[in-house]
Amino acid sequence: MADGVRFEGDLAALPTHGFGHRSITWWGIIGFMVVEGMFFALSFAAYFFILDKEQTWPPAPLAPPDLLAGSLLTILILLTEIPNSWIKRAAERYDLATVRKGLVVMSAAVIPLFVLRGFEFASLNVSWTDNAYGSVMWLLLFLHTTHLVTDWGDTLVLTALMFTEHGKEANRFVDTSENALYWRFVWLSWLLIYLLIYWVPRWLP
Amino acid sequence: MLCLLLLPEAALAHAGHDHAEAPGWTLAPSVTLPLAITLLLYGVGFARLWARARRGRRAMRRDALLFGLGWLVLTASLVSPLHEAGERSFTVHMIEHELIMLVATLLLATAGAGSMLLWGLPAAARRAFGRLVHARSIAAGWGALSSPWVATALQAAALWLWHAPALFDRALASEGWHVAQHLSFIVTSLLFWWTIARADARGSAGVAAFCLLITACVGAALGGLMALSSSPWYAGYAAMGMTPLGLTPEEDQQLAGLIMWIPGGIVHMGAALVILYRWLKPGEERHAVSAE
Amino acid sequence: RGRAAGTERGERLARTALLGWIAAVVLGLTVLTVGSYASERRVSAAIPARPPLEVQITANQWWWDITYKNAVPANELRTANELHLPVGVPVKVTLKSNDVIHSFWIPSLAGKQDLIPGRVNDLLLLPTRTGQFRGQCAEFCGTQHAHMALDVTVEPVASFRRWQQAQLAPAAPPSTPLAQAGHDLVMSQQCASCHAIAGTPASARFGPDLTHLASRRSIAAGTLPMTRGHLYAWIADPQGVKPGNNMPYIGFDSAKLHAVVAYLQGLK
Amino acid sequence: MTGIARDGEALKGAELEGRLDRTWRPAPGLWGWLTTVDHKDIGRRYIYTAMTFLILGSILSVAMRLQLARPESGLISPARYNQIFTMHGTTMMFLFAVPVMEAAAIYVIPLMMGTRNIAFPRLNAFSYWTYLFGALLLWVGFVLNVGPDAGWFMYTPLSGPQFSPGKRTDIWAQMITFTEVAGLAVAIELTATILKFRAPGMSLNRMPLYAWAILVTSIMIILSLPAVALCSGMLIADRLIGTQFFNPFEHGDPLLWQHLFWFFAHPEVYIIFLPATGFVSQIVETFTGRPVIAYPAMVLAVVATGFLSFGVWVHHMFATGLPRLGYDFYTAATMAVAIPASIQIFCWIATMWLGKPRYATPFLYVIAFIVTFVIGGLSGVMVASVPLDLQFHDTYFVVAHFHYVLVGGAVFPLLGALTYWFPKFSGRMLSEGLGKLAFWLIFLGFNIAFFPMHITGMLGMPRRVYTYPANMGWDGLNMLSSIGVGVIVLGGLVFLANVALTLRRPRDAAPNPWNAASLEWAAASPPPPYNFPHVPVVRSATPLWEQGPLPVMTGLRVDDRELLITTAIDARPDIRYPSPEGTIWPLLSAIALAALFIGSIFTPWAVVIGLAPLGVAFLAWFWPKGSPTAEPVIE
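Line by line, the protein sequences are chains A, B, C and D. Just so you know, the numbering used here puts 37 at position 33 of the first sequence, and the rest follows in order with no gaps. Just so you know, the numbering used here puts 346 at position 83 of the second sequence, and the rest follows in order with no gaps. Just so you know, the numbering used here puts 313 at position 110 of the third sequence, and the rest follows in order with no gaps. Just so you know, the numbering used here puts 719 at position 291 of the fourth sequence, and the rest follows in order with no gaps.
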């Protein structure tokens, strides 16, 4: 072991924040997305594992879920990407006014999703206690609903935060950008779940 | 090469399309023509560039070898009796798909054949193509497609969707759908391997390795479900009864799933390890000598 | 410097050796995999896919329900916890479970196979030598997993036939007044609501079939050897002998116990 | 930028250290103990807690060995015995092995990376409390006689509502949820720390092998823990709200449990083993005085092991009646795991051959590891073969196999690593005499206890039986195993005595007492709260073996907690990043979460009611404190 130290450079000029993979928040969000992606992937595997043993899907005499509520939600959740991208871009150019407006829009835009989600549970045509098919349908919808709730909670807190003095801190803009990234994960994962809940039971004989 | 092209003629003379007989060669123009044109374009482009190249002929030779191998594997899987045998056994069909998606397109993508094929075009067509590619909307679309994430998603979607019973049975029943199936496998896996190779070359080795990991999982999940399933998914194969390999339809499907799962996973893992190795190699010697 | 150069040389040598080592390991594992494949095929190829004898075994917490299949329903033989097999005759064992997952394992005859509720598994056996063996549940199945054994007898075909004929017969009627009293107790008390004794009104299937109980080697799935004293102990205090099992405490006084044991001992 | 104090030529030495100490030191007293977010504090208490569970788990194994010493022993009732072996497996896997590997990494990795704290330090504190509450839930349940009793693998339907009524299994399943939250949080922290907090110059290909092992392990945890969380969630839903996932009579399937469970539990073995290979690599490097040869091969072996471990869960299910065609594929895939493992073994042995080994206690553990692990690996190759496995599965042969793999492959390296890093943790060197005595007792005791189990297994003795009949030929071997466990206990006591006696001595360890090469040895022993006064710079894979003084970079803030973020691959300096202060909210959040989880065992409404306090606690945790002017503001 060498004694003493040799000064080799100075870090004082470095910035104190960065977007995307330069930011620790991004790595945290990616980590949680992978964890939750695994939850989804394994639930999908469970879905197919149960499906594989059945003669018909859904098991007779059950009817597949009704399409209306879920399809409306799908359209609406895709539309939320418009304000979401708007917020992300605004955050990355530190446009506080736009971020504030966008976050308010986004917080409001999620509310109709919850209403539709309520109707979705009602349109599954099966209870979780009926059989494993019902259990796995409810599981998929429930897992996704928890993501809606948590991201909405995040967005509400962030909205409140951006209206305080803390909204001016550079790292809050990073947080806003990463929150928008997480929302993309929420709707992307929904597209797959939508297929599994509503369309696979219709496609299979 | 020429004798290879002549061989099928001879084979065709003997083999019919009756399932009781040995599987024959597939010489539908929808398959052979594109293959032949690709080879022709590459040959012309190679000759033109070879004449112009001052340096880098070694790399060109290596690329041409990779391309030639990839083309051969692709042609062999699509044209040889393997293809027809695949219509009677899911396992053989899976081997054909795996050869296409794991071997042929990997070789073709690493051969970096794009510029050669472009140079194979007549000059006017080449310039028109150049203008087209640089058009703003096309460039943007291409930019999105060439992301390894998008390519991974596309390939995964192609893999899963085509294995949905309705679609797979359709591909079994009609030659047109079958060509569409193979074409989408070729295009998506070519795109996948190409973006992986490019990401690796541009220093995004982590992204490349991660996408390989996801792809391995996507294939493993599908293959695993097949391997563990005890009921045949596809009416087309189930109706045929015992396969020529002496397997029941469900065993045939299990074996197909295992081939997708385990050798498929090993190829993706191997690719990820190769990427990682190349990335670890520099700096390896830079250890301090022990201060004792 | 000199030492560094020596290290360099050593390292190069070690790297070459590493490649050789990997090759050797890969080769060794390949040989073992192929060997594993070959022995698996050899074991299964020895037995025809449709053997002449089929036995259905249904596992319960913590005993084995055994039925020898027959095309004629009247010739289906039902017994419990003791399996007899003719030597040299391939047998297909069909495995089911009534409650939790168990595993059927007779180490001297074959590897194990699970009995899973909702599924049916098969195991093909070919006993090649006569003798008495012990089978045991190999998947943890609850409190008395340790006492879920199976007595196995592999015998010549002729004696197997004799055993089969004897087991197909209905239960022996009570031969003494004491046994008659025991018979009446068994029929009138809880016993008959769980157990079956062919030729008597007792026909419930929740517990082991008792028709030829006294002909078996042990009591309570291999927990105790079949003796008068053990039968007595078992009926007097089933939870003391095999804690947690599903046989209830009946509360017979000693006179009734004597009678019941006398009857059961007659069920040869 | 004026008025901000930074280290540099003008501010160094004792004055710098004093000011950094004021900035980074946790609050004094009990409050500080509850609010600290220092990775060393959290790591140390994680290690202590996990080692406590090692001791508790070992006490259970002593109880089992007493019962099994003689046939038909009536010492322990079957109901109690089943609880004991369930608790032994659960404690060792979920409360000891995985947490202790994460715990050691929490302590060592930030130091080894040359940074001042772990990424997401508050999450780290939260993770510890969550783990602690989950562990307490399980053990308080056991003490109150509501301990789980359906095996650590909890096969359905035995663990389902019909065959395991009562709360025992619910407690087990909810404990899984706790440890899953804790484990995933730590895995994400470690991944981020390794990828973003490395010292300038420590490109990934100069990273110590231990860090590679932890990186791969963390990613494996992220990918595999969701499987057990999902299936334990399904189990609890089956039990409490009437779902039918595992009910074969309502379209469910008990095998779904096994697939999901082993999809986690097989990689888990490697989650335990890979960090241990990291320990071994560090110890071999230090005690042979040269880097482990073929660094790229070592890294690839770790990555390949991680990858392969996800493809072979099915080999735990050979007896369940899987399609037979798959057998040979699963056998081949399982055997393939032996290739990367043997590459690592080869590289260590070659390094010892080429280097000059010093036979100190940590190095002895490494040799014991190699011997034991090779035996365990060979018996693993045996059970990979289906026809053999169908005989060995669920017998004492398998018990012997995985104890050779897990004790030999993970606990020996762990004890070696604890001895190795003890001077760093405590500032004191453990006694070599007592250390070697403990080593020999543990090593010999282990082999006396577990080698005979190979034979009892081959003689047909099944696992998980509370007793066995006499005259099966198992009696003497079982007695021998029980005696062996006694010898291990003796060794463990000597190890503990060594630690206790050493801790009573004054501090005497230099920063780098073993002449090791990695950065944690550049910090003082024990390290101050800020770890390093300046940011160390790395020029090779063995920075402390470089000639001359340690190169450093300056310019981080001294009056505020700040650390350096570097780029993920090349470790170029990128961002100065604020590191959070200590706070009570992670603890309060963990309490709220514990209330929710434990309440949910009794009523599903606890989930609804419990969300409110949890939300408040999380809000208070994440809400920025202080005046915004402390950081640059965008106007």
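Because the hints were derived from the structure by calculation, they are not lab data. Just to be clear, a hint being listed does not mean it is correct.
For lysine-lysine, the following BS3-like pairs were computed, each having C-alpha atoms within a straight-line distance of at most 27 Å [said to hold, decoys possible]:
hint, chain 1, residue 1, chain 2, residue 2
1, A, Lys-105, A, Lys-172
2, C, Lys-272, C, Lys-295
3, B, Lys-544, D, Lys-595
4, A, Lys-105, D, Lys-1053
5, A, Lys-57, C, Lys-471
6, C, Lys-272, C, Lys-471
7, A, Lys-172, C, Lys-299
8, D, Lys-1053, A, Lys-172
Predicted, not measured: the structure shown is a model, and the values here were computed from it.
We went through each hint and held it up to the structure:
Distance restraint check for A:Lys-105 and A:Lys-172: the Cα-Cα separation of roughly 15 Å lies within the 27 Å cut-off, and the hinted pair is therefore satisfied. With a CA separation close to 10 Å, the supplied pair C:Lys-272 and C:Lys-295 stays within the 27 Å bound. Between B:Lys-544 and D:Lys-595, the direct Cα distance comes to roughly 55 Å. Violation of the 27 Å bound is thereby established for this hinted pair. Between A:Lys-105 and D:Lys-1053 the CA atoms are separated by roughly 24 Å; this keeps the pair inside 27 Å, and the hint holds.
The hinted pair formed by A:Lys-57 and C:Lys-471 fails the criterion: a straight-line CA distance of about 45 Å is larger than 27 Å. Between the alpha carbons of C:Lys-272 and C:Lys-471 the distance comes to roughly 22 Å, so the proposed pair stays at or under 27 Å and holds. With a C-alpha separation of about 68 Å, the suggested pairing of A:Lys-172 with C:Lys-299 is violated against the 27 Å cut-off. With a C-alpha separation of about 14 Å, the suggested pairing of D:Lys-1053 with A:Lys-172 holds against the 27 Å cut-off.
The structure fails to meet hints 3, 5 and 7 from the earlier list, while all remaining hints are met.
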